[in-house]
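Asks: One line per chain: the protein sequences are F and Z, in this order. Just so we're aligned, residue 1 is where the first sequence starts under our numbering, counting upward by one. Just so we're aligned, residue 1001 is where the second sequence starts under our numbering, counting upward by one.
In short, the hints are calculated from the structure, not lab data. Please read all numbers here as calculations on a predicted model, not as lab measurements. Yeah, the Cβ is synthetic: ideal placement off N, Cα and C, and Gly gets one too. Misleading hints may appear alongside valid ones.
So, partial list: chain Z residues that the calculated Cβ filter (under 8 Å) puts toward chain F [claimed, not checked]: (1) Met-1158; (2) Val-1219; (3) Thr-1220; (4) Glu-1226; (5) Glu-1241; (6) Asp-1245; (7) Leu-1269; (8) Glu-1383; (9) Trp-1387; (10) His-1388.
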Amino acid sequence: MPTATYDGTLVPVDDEGFFTEPERWTEPMGEQIAKELGIDTLTDRHWTVIRFMREQYAAKGTGPTVRVLGKTSGVSVKELYQLFPKGPAKTAAKIAGIPKPRGCI
Amino acid sequence: MGKHIVILGSGTAGTMTANRLRRAYDESELRITVVDQDDSHVYQPGLLFVPFGLAQPHALVRSRPHQLHDGVDYRRARIDRVDLDARTVYFAVGGWIAYDVLVVATGARLLPEETEGLTGPGWGENVLTFYDLPGAVGLHHALERFEGGRVVVDVADMPVKCPVAPLEFAFLADWYFQRRGIRDRVELTYATPLDGAFTKPVAAKALSGLLERKGIELVTEFTLGEVDGKGGRLVSYDEREVPFDLAVVVPLHGGAEYVERSPGLGDELGFVPVDPHTLQLPDRPEVFAIGDAAGLSASKAGSVAHFEGEVLVRNIGRFLAGQPLDGSFDGHANCFVETGFHRALLIDFNYDTEPLPGHFPGPVGLPLMKESHAAHLGKLAFEWLYWHSLLPGRELPGIGSAMPERGKIHLPA
């Protein structure tokens, strides 16, 4: 199992860098991951999405898709792409320290 | 008088469930009512073949009540909503029906109007879908008129019914244009919101290889934001563009409309969020969902409905007897992927195990993940099986609900 060091702490991640133990995540870790993904500053709007991702994961065991995010997070799909240009569902999941959202097959 | 089971929807899942229950229980033990709003049961796997002139549209449609066994009541009505507390289904034009057990089997609905521009200029002309019968017929005519240019097959976003059908369409389009002798004048593109041709790594690799061999361009992580029919452009939310002369779009899917009007029944997309193993709605033990209507991370395919059905009937029986549920659905799905030139490949997988090579259903059987003429014949034979064996609620010998492990070769992705 690969690991990564965020905020001075070693955490297990999957092959693509998603957290496998979301309870190990902290907000400063989220900020560091965001920087590595090219998002220098996390605004309130970013945090709205990140917290929503974590809540959804806690409730449903998987992060939401972009479409569900657009319908339920209070942030439109267009804005989601402005906030997280390289695919909001995956990028926000990575920053939020939850596993990669399961795409439906 | 026995308990009353109400099944909403008489497509693949609803019809099989009603017939399986009727075979398992006497009429004095169980009253079964099936509700649907029209009389047309469409053999949906056949829709793929209509655009290429390989299936006749009228041959795909049969009467819904005629597929139900004697002793199953059929009620033709539009559903307004379900009141979970009152255990009652209300109809749109008045009337209601009470249930002891409810099975939601109303499938998925196409929502083309939810994508900007999709139903605007060009819709039905150079922007089409084959996911319903009128669309498939329209596409047949559009393909007949097509003399060359850019054809793009695009999946707007997941989940969709039969996620391999768009890939099959691209493979068949390659075959179709070759047969017409104009393949060199056609650019074929496959655009998907996924990060590969398929979600599961081993299958994605194999299917991408097939696309490459057939000269079909693959565009990944393309979530459809806007369709410009006039300008011939598909635009993703991250502002990439795919130009087209003919766009074959699989629109967004949602659950049935009444689900949204029924408090506590559906999720944000109108699917019913049942337990992935028991198919029971949390906190509502008398409510189950099956097939495309269920909000599960399983494939929306007829085979899934079939495998779920075995578990569902067992669970309903145990629920009625006051016993704890033990039927455990593993997410088993099984699809023939038509690849053109009279060949197909078979994939078999579940929640935890991705499609793997080997054979199905055991060490001796149809090859998995490998193109063969046998799999193509299997796909064609399936239509007869569907009407005469699966819908009537018969089990297929040697093929059970649980995904078989024997015959599979585990490979690293």
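Asks: Give a verdict on every hint.
Replies: Results of checking the hints against the structure:
{"no.": "1", "hint": "Met-1158", "result": "4 Å, holds"}
{"no.": "2", "hint": "Val-1219", "result": "14 Å, violated"}
{"no.": "3", "hint": "Thr-1220", "result": "10 Å, violated"}
{"no.": "4", "hint": "Glu-1226", "result": "10 Å, violated"}
{"no.": "5", "hint": "Glu-1241", "result": "14 Å, violated"}
{"no.": "6", "hint": "Asp-1245", "result": "27 Å, violated"}
{"no.": "7", "hint": "Leu-1269", "result": "7 Å, holds"}
{"no.": "8", "hint": "Glu-1383", "result": "23 Å, violated"}
{"no.": "9", "hint": "Trp-1387", "result": "26 Å, violated"}
{"no.": "10", "hint": "His-1388", "result": "28 Å, violated"}
Violated hints for the displayed structure, listed by number in ascending order: 2, 3, 4, 5, 6, 8, 9, 10.
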